[in-house]
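All chains should be modelled from the sequences, with the hints used to inform the complete structure.
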Amino acid sequence: MSWINARRRRPVAGYAALLLGLVVVALLYGSLTRQGGTAQASAPPASQQDITAGKELFEANCATCHGFGAVGNPGLAPSLIGAGAAAVYFQMSTGRMPAKEVGAENERKPVTFTEQQIYEIADYVASLGGGPAIPTAEQVSTEGANTALGSQLFNANCAQCHGFAGAGGALTYGKDAPPLTESTPTQIYTAMLTGPEAMPVFSDGVLSPQAKRDIIAYITQTRVEPNPGGFSLGRIGPVTEGLVIWFGGLGFLVLIAMWITAKRRDPRPTGTE
Amino acid sequence: MSENFEVPKALSGVGGWLDDRFHGARGFRVLMRKVFPDHWSFMLGEIALWSFVILLLTGTFLSFFFVPSMTEVVYHGSYTKLNGIQMSEAYQSTLNISFDVRGGLLMRQIHHWAADLFMAALTIHMLRVFFTGAYRKPREVNWLIGIALFSLGLIEGLFGYSLPDDQLSGAGLRIFEGVLQGIPIVGTYLAFFLFGGPFPGHDIVPRMYIIHVLLIPGILLALITAHLFIMFHQKHTQMPAKGNTERNVVGQPFFPYFLAKGGAWFFFIFAALVLLSAFAQINPIWLYGPYSPIQISSASQPDFYMGILEGSLRMMPAWEWNFLGHTLSFSVLIPFIVPLTVILGGAALWPFFEQWATGDKSYHNINDRPRNAPVRTGIGMAAVVFYGVLWAEGANDVLAHKLEIPLYTITWIARVLIFVGPVLAFVITRRTCLGLQRKDAETLLHGYETGIIRQLPNGEYIEVHKPVNEEGRAVLEAKEVPALMPPPGSEDANGVPGPTSRGVLGKARAAVNRAFAETIVIEADGHGNGHAVGDGHGPEIADEEHEAVGAPSSPAELPHGDEDA
Amino acid sequence: MSDMEETEGHPGPAAPHRVIGTPPPSPRLLGSTTLAEGGDGEAAEAEGGMHLHGLPQDDPRVIVHANRVEKIVAACFIFAFIAGCGFIAAYIGLGVHTVDKTLRSNLALGTSLGLALAALGLGALLWVRHLMPDVEIVEERHELRSDPKERLAFEEEFKEGAAQSQFVKRPLVRRTLMLGMLPLLAAPIVLLRDLGPLPGTSLRYTVWSPGRRLLVAGTNQPLTPAEFSAPGSMITIVPEGFTDDADALTKAAVILIKFRPGELDIPTMTQGGTLIGTMNWTVDNIVAYSKICTHVGCPVALYEENTHHILCPCHQSTFNAATGATVIFGPAPRPLPQLPMTVDAEGYLVARSDFTQPVGPSFWERG
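Residue numbers (the numbering used here), protein chains in the order written: chain A, 70 to 342; chain B, -11 to 553; chain C, 37 to 403.
These are calculated hints, taken from the structure and not from any lab test. This one's a predicted model, so the numbers in the text were calculated from it and none came from an experiment. One or more of the hints may lead you astray.
Unchecked claim - The following label-pair restraints were derived from C-beta to C-beta distances: (1) B:Phe340 / C:His178: 47 to 55 Å; (2) B:Pro394 / A:Glu128: 43 to 51 Å; (3) B:Ile199 / C:Arg210: 33 to 41 Å; (4) C:Arg210 / B:Val415: 54 to 62 Å; (5) A:Gly90 / C:Arg181: 50 to 58 Å; (6) B:Thr48 / C:Met86: 53 to 61 Å; (7) C:Met86 / A:Ala85: 29 to 37 Å; (8) C:Ala222 / B:Ile143: 36 to 44 Å; (9) C:Leu220 / B:Ile218: 27 to 35 Å; (10) B:Thr48 / C:Leu220: 40 to 48 Å; (11) C:Ala381 / B:Ile199: 47 to 55 Å.
To be verified - Quick partial rundown of chain C residues pointing at chain B, CB under 10 Å, derived from the structure: (12) Arg177; (13) Leu208; (14) Val209; (15) Thr212; (16) Gly216; (17) Pro267; (18) Glu401.
What the hints assert, rightly or not - Within a straight-line C-alpha distance of at most 20 Å, the following computed PhoX-like cross-link-like pairs (lysine-lysine) qualify: (19) B:Lys390 / A:Lys244; (20) B:Lys125 / B:Lys349; (21) A:Lys332 / B:Lys230; (22) B:Lys349 / B:Lys454; (23) C:Lys205 / C:Lys195; (24) B:Lys230 / B:Lys390; (25) B:Lys69 / C:Lys205; (26) B:Lys223 / B:Lys390; (27) B:Lys223 / A:Lys178.
C-beta atoms are modelled at their ideal positions from N, C-alpha and C, and glycine is treated no differently.
Structure follows, in structure tokens:
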């Protein structure tokens, strides 16, 4: 401690404190904003669901907004008749539903139900009016997928909202397209199939299951792909690159320039005088 | 301080051989003793210089591997995710450089980081020269050369990052073509001639390539040489300090000091760029994919130095005229023309405008402290805010996403700030400068606060002030105020009307002149309470004589400076 | 003695106050500037002379310090050598050809090279700052303006030379010279003519024609309304026969959107007598708009299903797809052109004709 105290007033102390602060902030940021998780494709759902169990769960947790029989509540929640098991699976497995507030957009949040419960509710809603089904494991398997075609489809239909690397992006009126770093293949598939909230629908008629698999393969491969050039800087492009060169590059160099031109000090007494 | 050692025979032999043919002794003597003043802000231009050298080196390496061709090929290479995709040879060769040439990715990244650093350093160097008034006579030509370097750098960077023909830069080229197309009368012809037909065509990459590796670097080299030579010949400016006059340069000699420091600086800059390239990924073209006119990503921005054009395109509301079978699209023309004209045109004209406003035709080799030129500093800050608002708007979708502000709200804020911001910046900066001048005047008169509190015998507490020493005095007193021109309507001894008397322009000149001449006057001896005469000698006054903390000072004591001198 | 260096409460000399960025003070008239008064005592020369700041070179403190720093500088340079060798070793030893190996190679090459350079820079800097004596030199600036006599002589010689050349005296020669050079000055501009074709009317038309099928971009499959029946669907469309033609796609890309019944309401719009938008061009609540933004030509691709807004990510022009892609925000001056669409004999979506107005960014001759 006294070692630090003795040197507290040296000019270099200020720079050292600043550098320490910058390093701490950088480390905190890096650890708190991890991206590129190693998400795996979800396990295939169980074969038999209990529609009755789903009905009970629905009436206890969902009917307050969606109404009994999922008929909907104007201004509060839409009707789910015809929405299909896939829509329920997407919304609930990402934690978006149950929603925490009424609004156009719900964000991914911790899931409140088990996988089994979600299948039961999904089966119940599907029994009310049909709709797209939850894909099987084979349907979302990316084995043998054509990532080249996947990249073309992704860049033509998805990148404008979700970003070229799936980092997410802004929409209008405060909405945004979420990043794709945490979505499982089944979630990506069901999202394309059901077009949740602002997202358009990509039915199997227009993007076949194989095309969807190609897109999923592209997304899952891109997000785990290492960044050979170093830190990814968020994979959002030149904006962060510009910030880095101004603060990391130029800022650092200005400090060096100040050092180079600083007034020289005489050496300290050697103790022999 | 000369030491005794023998110059090695090899060196003296070669030196003699050259001198026999080129009489270099005199010239080198001058060079070795040449003085370069030492201030950290004088090193900013060198960042750009060394970045340019690094660009040349890494660019040469890249040019051995890059294929400037838009011929379509099907990819089957190391980056297996894109196997089977059709792409241009340019894009494929960039993938090869990144993944199949050892050190290729490093060179690509150093090249791109160096380009960004070059432009950033140019910007901050330009600002330094502006805020210190170093563009004044005799350095106006060098200032103009600098503006030209900046403008060429913009185009060089734009073409450089568009060469790989990836999705991001291709979108930028599409915007470039759309803007060109919108120019009245000649727009479509310009676009078709540049691209060799409709967009994208097959010619733009090879054409950009030759402009990027030959034409513009050649012009840049010539201009940089001229810029350095002029600076060399006219000698660098220096900051106000004791011993620095308009007729001298004080510092360390070129050999060996500046040579060593310049070398160290080069190594540091190179090191910073290489370490950035090792740890920070830039322009990952393999993630963007090859360019296709039907694809686009969110967060599509150009490199930062083109950001103001991007921001102006985003900020502009829709406005178009149709008449007589023709369309004039202001939505495109105003964003394209206004920011660059204001920034670059304004910068180019500024030295001459200031000369006109101040009537100051003298040489200036001592820099101004920015606070001593309130109007110049204020207008400079207004320009910075103008640039900054446009730049931030260029990233509006990234800001909207990361800061969770609605997209249109950011654009509306920018639309208001672009007008209000510069005005506010000017007013606040100018007031701040005048305030700092007041502080300087006060420091000169009353000394600086030492932080030492003393109790007088009668119980009163005072803070001890110490007079500023000689070095400090020299800095504080170095203030050149533009002279006030004679008021409109006046004539000189021979009956010739003064420069401010000629019509509307004359009145405008008088008004601007008054603004430039406003300053806080430093009165040498505004008090009557026994100070030492402010002539720079050391302190001989008792500390207790300085004003007590909280004691009221009579209005007569404080210098007032707002009125015209 | 300068008092600026007094630290709080301690009288007497203290460590010199470090001032970053300002040049060193010019030397006093007598003695050295700092602690010990043991300087040479020689008066500073007014100009041209080099004077020493700080302690003289033979002071024991200076020698000890310099020797210590010399070791540090040498260590820096040795480190640079090692790092440089590391660079060469990394180049030879680390291959590329996969993303992972490229990452390793880039990191190794970059770190070794960067540290080598930094060590060289650091060593050089310490050398200058601690090994070289702290000297200061004053150089005089020369008058930049030429001596008036010189200027006069220049003027005289120039006039003499001009007179000898007869340039002024013989206007015929002068004028015909300028005349003769004129075409040569125009020649470089003339030579650029073949850079590209004249635009002609090509910007007015796209490759869409009656009966041309709408194909899904990427898969290149045609589309029936039944396959595109889920309300809220959106997809990117390319014209049949031109799926790989970038020049054609730059204008011909189309965005296809399916609405719920009752939501799509395109008024019949004309411009200068030409029909540019109508519900007749839709099929089963499916509408096709040009995907090329009317601002500066980016693909306008963001479709928000719940608001029916098409947002262009480049400059945020926003179009309302339910009312004919009319502009509701942003710099785009015109709505997106609507592609007239119908169904062919096999049930696939086809174009009725080309767009009835030029697509994409405005241009002078657009009308």
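Hint check:
In this structure, Phe340 of chain B and His178 of chain C break the distance hint of 47 to 55 Å, their C-beta atoms being roughly 25 Å apart. In this structure the supplied range 43 to 51 Å is violated for Pro394 of chain B paired with Glu128 of chain A, their Cβ-Cβ distance being about 36 Å. Checked against the hint of 33 to 41 Å, the C-beta distance between Ile199 of chain B and Arg210 of chain C comes to roughly 37 Å, which is consistent with it. The supplied range of 54 to 62 Å is met by Arg210 of chain C and Val415 of chain B, whose beta-carbon atoms lie about 56 Å from each other.
As the Cβ distance of Gly90 of chain A to Arg181 of chain C is approximately 52 Å, the hint placing it in 50 to 58 Å holds. About 40 Å separates the C-beta atoms of Thr48 of chain B and Met86 of chain C, a value inconsistent with the hinted range of 53 to 61 Å. A hinted range of 29 to 37 Å for the beta carbons of Met86 of chain C and Ala85 of chain A is consistent with their spacing of about 34 Å. Here the CB-CB span from Ala222 of chain C to Ile143 of chain B is close to 25 Å, at odds with the stated 36 to 44 Å.
The hint said 27 to 35 Å for the Cβ distance between Leu220 of chain C and Ile218 of chain B, and at roughly 32 Å that hint holds. Between Thr48 of chain B and Leu220 of chain C the Cβ separation comes to about 35 Å, which falls outside the hinted range of 40 to 48 Å. Roughly 52 Å separates the CB atoms of Ala381 of chain C and Ile199 of chain B, a value that falls within the hinted 47 to 55 Å. The restraint placing Arg177 of chain C at the interface with chain B holds, with a minimum CB-CB distance near 5 Å, inside the 10 Å limit.
Look at Leu208 of chain C: its Cβ only gets to about 37 Å from chain B, farther than 10 Å, so that hint breaks. Restraint check, Val209 of chain C versus chain B: the minimum CB separation of about 33 Å is more than 10 Å; hint violated. Evaluation of the Thr212 of chain C hint against chain B yields a violated restraint, the C-beta minimum of about 32 Å exceeding 10 Å. A least Cβ separation of about 28 Å between Gly216 of chain C and chain B goes past the 10 Å threshold, and the interface hint is therefore violated.
Checking Pro267 of chain C against chain B by beta carbon gives a least distance of about 24 Å; that is not within 10 Å, so the hint is violated. A least Cβ separation of about 7 Å between Glu401 of chain C and chain B falls short of the 10 Å threshold, and the interface hint therefore holds. Between Lys390 of chain B and Lys244 of chain A the CA atoms are separated by roughly 12 Å; this keeps the pair inside 20 Å, and the hint holds. With a C-alpha separation of about 7 Å, the suggested pairing of Lys125 of chain B with Lys349 of chain B holds against the 20 Å cut-off.
Between the alpha carbons of Lys332 of chain A and Lys230 of chain B the distance comes to roughly 15 Å, so the proposed pair stays at or under 20 Å and holds. The hinted pair formed by Lys349 of chain B and Lys454 of chain B fails the criterion: a straight-line CA distance of about 38 Å is larger than 20 Å. Only pairs whose Cα atoms come within 20 Å are accepted, and Lys205 of chain C paired with Lys195 of chain C is accepted, the gap being roughly 12 Å. The suggested pairing of Lys230 of chain B with Lys390 of chain B is violated, with an alpha-carbon distance near 50 Å, which exceeds 20 Å.
Taken as a hint, the Lys69 of chain B and Lys205 of chain C pair is broken in the structure, with Cα atoms around 76 Å apart against an allowance of 20 Å. Our distance criterion of 20 Å between C-alpha atoms is broken by Lys223 of chain B and Lys390 of chain B, whose separation comes to about 48 Å. A hinted pair counts as satisfied when its Cα atoms are at most 20 Å apart, and Lys223 of chain B with Lys178 of chain A does not qualify at roughly 64 Å.
Of the numbered hints given earlier, the model fails hints 1, 2, 6, 8, 10, 13, 14, 15, 16, 17, 22, 24, 25, 26, 27; all others are met.
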